[in-house]
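Asker: Based on the hints, put chain U with the ligand in the right spot on chain V.
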Amino acid sequence: MFDYSSVLSRTVVELKKSGIRKFFDLLDGRKDVVGLTVGQPDFVTPWHIREAGIQSLEKGKTYYTSNAGMPELRAEICNYLERRFSLRYKPDEAVVTVGGSEAIDLAIRAVIEPGDEVIIPTPSFVCYEPMVRLCGGVPVTVKTTVENRFKLTPNELRAAITPKTKMLVLPYPNNPTGAILTKEELEGLAEVLRGTNILILSDEIYAEMTYGRAHVSIAAIEDMWERTIITSGFSKSYAMTGWRMGYLVAPKPLAEQMLKIHQYAIMCAPTTSQFAAIEALKNGDEDIAMMVGEYDRRRRYIYRGFLDIGIDVFEPEGAFYIYPEVEKFGLSAEEFCQRLLDEYKCAIVPGTAFGEGGESFARVSYAYSIKHIEEALNRIESFVKTLK
Amino acid sequence: MESILKLLEDNATLTPEQLAVMCGKETGDIKKLIESYEKEGVIVGYKTLIDWDKTKRECVSAFIEIKITPQRDRGFDHVAEKIYNYPEVQSLYLMSGGFDLCVLIEGKTMKEVAYFVAQKLATIDEVVSTATHFVLRKYKDKGVIYGPQEIDERGNCN
Ligand SMILES: Cc1ncc(COP(=O)(O)O)c(C=O)c1O
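Chains as they are written, first to last, in my numbering: chain V, 7 to 394; chain U, 33 to 190.
Heads up, a few of these hints could be off.
[Stated by the list, open to error] To spell it out: a stretch of chain V is covered by chain U in this simulated footprint if at least three of its residues, at any positions, have a beta carbon under 8 Å from a beta carbon of chain U; those stretches are:
no.: 1; stretch: 38 to 48
no.: 2; stretch: 381 to 388
[What the hints assert, rightly or not] Below 35 Å or equal to it, Euclidean Cα-Cα: the simulated DSBU-like pairs (lysine-lysine) are:
no.: 3; chain 1: U; residue 1: 172; chain 2: V; residue 2: 67
no.: 4; chain 1: V; residue 1: 37; chain 2: U; residue 2: 152
no.: 5; chain 1: V; residue 1: 189; chain 2: V; residue 2: 266
no.: 6; chain 1: U; residue 1: 63; chain 2: V; residue 2: 377
no.: 7; chain 1: U; residue 1: 38; chain 2: U; residue 2: 88
no.: 8; chain 1: U; residue 1: 57; chain 2: V; residue 2: 391
no.: 9; chain 1: U; residue 1: 88; chain 2: V; residue 2: 351
Treat the hints as calculated values from the structure; they're not laboratory data. Even for Gly, the Cβ is constructed at its ideal location relative to N, Cα and C.
Chain V extracted, bound-state conformation (with noise of 0.2 Å):
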């Protein structure tokens, strides 16, 4: 027998496997859950962006790219960056990845080493704190809590700055809570970082799913472009999760070292993905006002169901996720969803699948017709009046 736990990289093997993934394997194969589970978008991706990958490959444009991405992409990333979020970046310091996952991946190992501190608020997107492990940097997770809508404060972060710290992760709109940060807010955790050498790791996946008002992006508050990394891509915003296309924009002398990575790594992200992409920046304005107008009327329906069942909720402002307090039914998280899962056959996720802080929540996604949305508050209705 071959020992592999004599070859495995210990690092490796330590990683907890995501409590998302465990909440997961739970729904594999059954068909008679009605879930709420899904964090990816239920539209398609928008034909003209789909025809314009089909063109390349009937062009036969199936040859690998620069590996930063072809140029016609990275300036219209630019050129979206400054239309939507009047951010400046110059094609140079901007690369395409597979994914947002990429990026986040590419920023984290660019920048850190072993012993190196990276504060990230949770609960959070849970790709973050093995990232920071693989490198062998420490994760320092900082608690948001429902009383500040869970937004990073500033007090909060100034407590976990240490002479360690690297970089902070800034993960708004936020998986799984729904919140988001204003520029006020952003402005005071500024004020914090002015004056360190700490980088911002801000993760803008979300940006074009804010309601009520628009994102703003941390590199956009005075000093702050200079240490900033936003990683971003087409998944959400355009339902392009299949399609694997994100990227990073930073300063050049941090880019550039990323793109080192992906060049070794990855070589270039997909070619027809990155034809579709470039069709997604220039025509598809419209097709996201479409799609977040949707998101919107479930968010607000969502939210109202909740609160008609009794159950505490704040009002998410970003994403497409809702975050439900289960604490006062007597029941954990896990219990709750498990619970809720085995009798009434409708699944939403523990909030503990996303780090410290969840342990009284769950996240619930609303990328779902209104329809389901409904039969599945259903059922959480009937469930929680067994509780009371």
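Answerer: Structure of chain U with the ligand alone, referenced to chain V:
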């Protein structure tokens, strides 16, 4: 409040309560609005899209191009009225181009439709000619694709 119209056009089953929540309005206001749209004839009716091919019911439809000689003073409206009053006529449009009226007819069999065209449409005085095009398959109607039922294949992965 055009958006209410758009939402109802896509899904007539939304209740005023649901619409109110989705749009951040009061239910009473939405009810009033819908009533006024109905009164003004902006909202003309509510129907359900049915793919009859998936049922046992026999059903064929045809588009009929009609050329007519319009009457002095009455234009096309008078002929149009004669035609649309037949319950077999599902839709009727006045067209630009090579013919004048386009009629959508539904019937149980091709024979029934052909008979209707010959007996009822072709015999109208102003009708100069008809051309019948039977529908072989409906792919999409009112923005809705008529295909196999969609299943949610999205992976649970994040
Ligand atoms: C907060 C956040 N960042 C990044 C990603 C990565 O998305 P992708 O790799 O598809 O661009 C996700 C996906 O769920 C996410 O929720």
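Asker: With reference to the structure, classify each hint as holding or not holding.
Answerer: Status of the hints after comparison with the structure:
1. 38 to 48: Answer holds; 6 residues pass the 8 Å Cβ test.
2. 381 to 388: violated (count 0)
3. 172(U) <-> 67(V): 32 Å, holds
4. 37(V) <-> 152(U): With Cα atoms ~52 Å apart, residue 37(V) and residue 152(U) exceed 35 Å; violated.
5. 189(V) <-> 266(V): 33 Å, holds
6. 63(U) <-> 377(V): 20 Å, holds
7. 38(U) <-> 88(U): 33 Å, holds
8. 57(U) <-> 391(V): Answer holds: residue 57(U) to residue 391(V) is near 28 Å, not above 35 Å.
9. 88(U) <-> 351(V): Holds, because 33 Å separates the two Cα atoms, which is no more than 35 Å.
When each numbered hint is compared with the structure, violations occur for hints 2 and 4.
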